Amino acid sequence: MQLRTEPYVLNMGPVHPSTHGVFRMRVTLDGEAVLNLEPVFGYLHRGVEKLAEERAYSGVIPLTDRLDYVASMTNNLAYVLAVEKLAEIKVPERAEYLRVIMSELQRISAHLVSIGSFTNDSGCYFTPFLYMYREREKIVDLFDMVCGQRLLYNYMRIGGVSQDIPDEFLPALRKVVKHLPGRINEYDRLLSENEIFLARTKGVGILPKETAINIGASGPVLRSTGIEWDIRKKDPYSIYDRFDFDIPTGEAGDCYDRYYVRLQEMRQSIRIVEQALKQIPSGPVKADVPQLIRPPVGEAYGHVEGPTGEVGFHVVSDGGIAPYRCHIRAPSLMNLTGLYDMSVGWKVQDLIVIFGSFAITMGEIDR
Amino acid sequence: MTTSLSTWEVSKQISEHVPGAISETTDAAIVVNGESLLNVAAFLKNTAGLDFDYLTTITAVDYYQYFEVVYLFVSMEHNHSLVLKARCHTRDNPTLPSLVSLWRSADHQEREIYDLMGITFEGHPNMKRIVLWPEFQGHPQRKDYL
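Protein chains in written order, with our numbering: chain A, 1 to 367; chain B, 1001 to 1146.
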């Protein structure tokens, strides 16, 4: 017997454990199948772009921490790169190396969080999550050592970094770098061939290559479709052209590939940190930059490859002490455009997995 | 390294294809008329050798006399980039054509500009506020707001 069903609207969120913050999906369902999906957000809007117009250039850095709060270091870096481009400031060698080390550690720690919460969404409750947090804790301890903060680092400065690393940092970092690859292999063995994990993620939420480019996707979401596009290689900033590393890509563009690209990226980040550890010179960590800088009239766009994708800052100067306009290119906002394409036709339970595979942070979407 | 295309050469190509579209060319950017924006954008996307398949970011700047919307295009195939600008000279209800039909990455960004800067994008399928609530009055990113 054929049952007649009627489409109905379901609000998932804004307060829902799977939405990683305050995010609402207005889903039209036919039984369990998703017919339509509309993302609704703005619950965390703080007006960061407007606030930036009232602060001196250096005062904007703490605001950038609060965008993608699991990846503060890379946000800091994107902003200071834009201002340095605008004011033509040269950064000392040692500061460049510290920036690269911190960015890559940040990438590992953010990927650990995203893989951990992704496994939570796909049904392996909290065991992998806590393993990931165990490793992340060691990296957070390192950040704590250099800047006294565990989440919102505010470490990068225009012209360098806020302070040099303490003596105990490099030995501690060497220990972490030695220890991490074994752990990552362990997680690889635990998850990558797990029957249940594969059933939940393989072939689910496919994003076609052309759509990925058209929606402006970046980061693991873009690379999982097979496109080798990484700002670190394609438009090297800082000193990334000196390091040897690969860009892991997927093939199918499904949830599994997004997870697997992240896992492999952690290995590449460790490679970069190892090379940086060998090459790091001594010397000053901050260029001689006045507290209140007045960049010449003009505009500049600085971008980095953050853990979720291309983080960019478009800074406009009118010659004053505060940015005239500071626009943030948030990778999650663009990636989110593809949520509709990935979800329609799948069931509600898959929707949770698909959304989890984005590793979204509401802080940067809502600003 | 992503190379910035020479704005002078591209603007010559554009003015051959879409006459009268360019209103200003500088070393950093090409400024086009609002009416020709969609044609110019389609030309940038579909011309062999330019192939701008990726719209990285859209932002709007309020200069009091006019609003300037800045588009940053990247071609993944050739790894080059271009900055395109369009201006609106009116403060009440400024409008520009929407680029969503060419790049869907414009979807959320144009809505955000509409919400915070008050520029309406004609042809956008879902032109409504994105981060602020529907009843909100005014556009807070404008320089004369507070």
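Hints may be right or wrong, so weigh each one.
[Unchecked claim] Listing some non-contacts, in silico: residues in chain A with all C-beta distances to chain B over 12 Å:
1) V9
2) Q275
3) I328
4) Y340
[What the hints assert, rightly or not] Listed next, the stretches of chain A that the computed footprint assigns to chain B, with coverage defined by at least 3 CB atoms under 8 Å from CB atoms of chain B:
5) 21 to 35
6) 43 to 57
7) 109 to 118
8) 331 to 338
Please keep in mind that the hints were generated in silico from the structure rather than gathered at the bench. From a predicted model like this one, the values you see are computed outputs, not experimental measurements. Ideal Cβ placement from N, Cα and C applies to all residues, glycine included.
A quick look at each hint next to the structure:
1. V9: holds, 16 Å
2. Q275: holds, 20 Å
3. I328: violated, 9 Å
4. Y340: violated, 10 Å
5. 21 to 35: violated (count 0)
6. 43 to 57: Coverage by chain B holds for the region 43 to 57 of chain A (4 residues, Cβ < 8 Å).
7. 109 to 118: It is violated: at least three residues are needed, and the region 109 to 118 of chain A offers just 0 whose Cβ sits closer than 8 Å to chain B.
8. 331 to 338: With 4 residues in contact (Cβ-Cβ under 8 Å with chain B), the coverage given for the region 331 to 338 of chain A holds.
Violated hints, in rising order: 3, 4, 5 and 7; the structure is consistent with all others.
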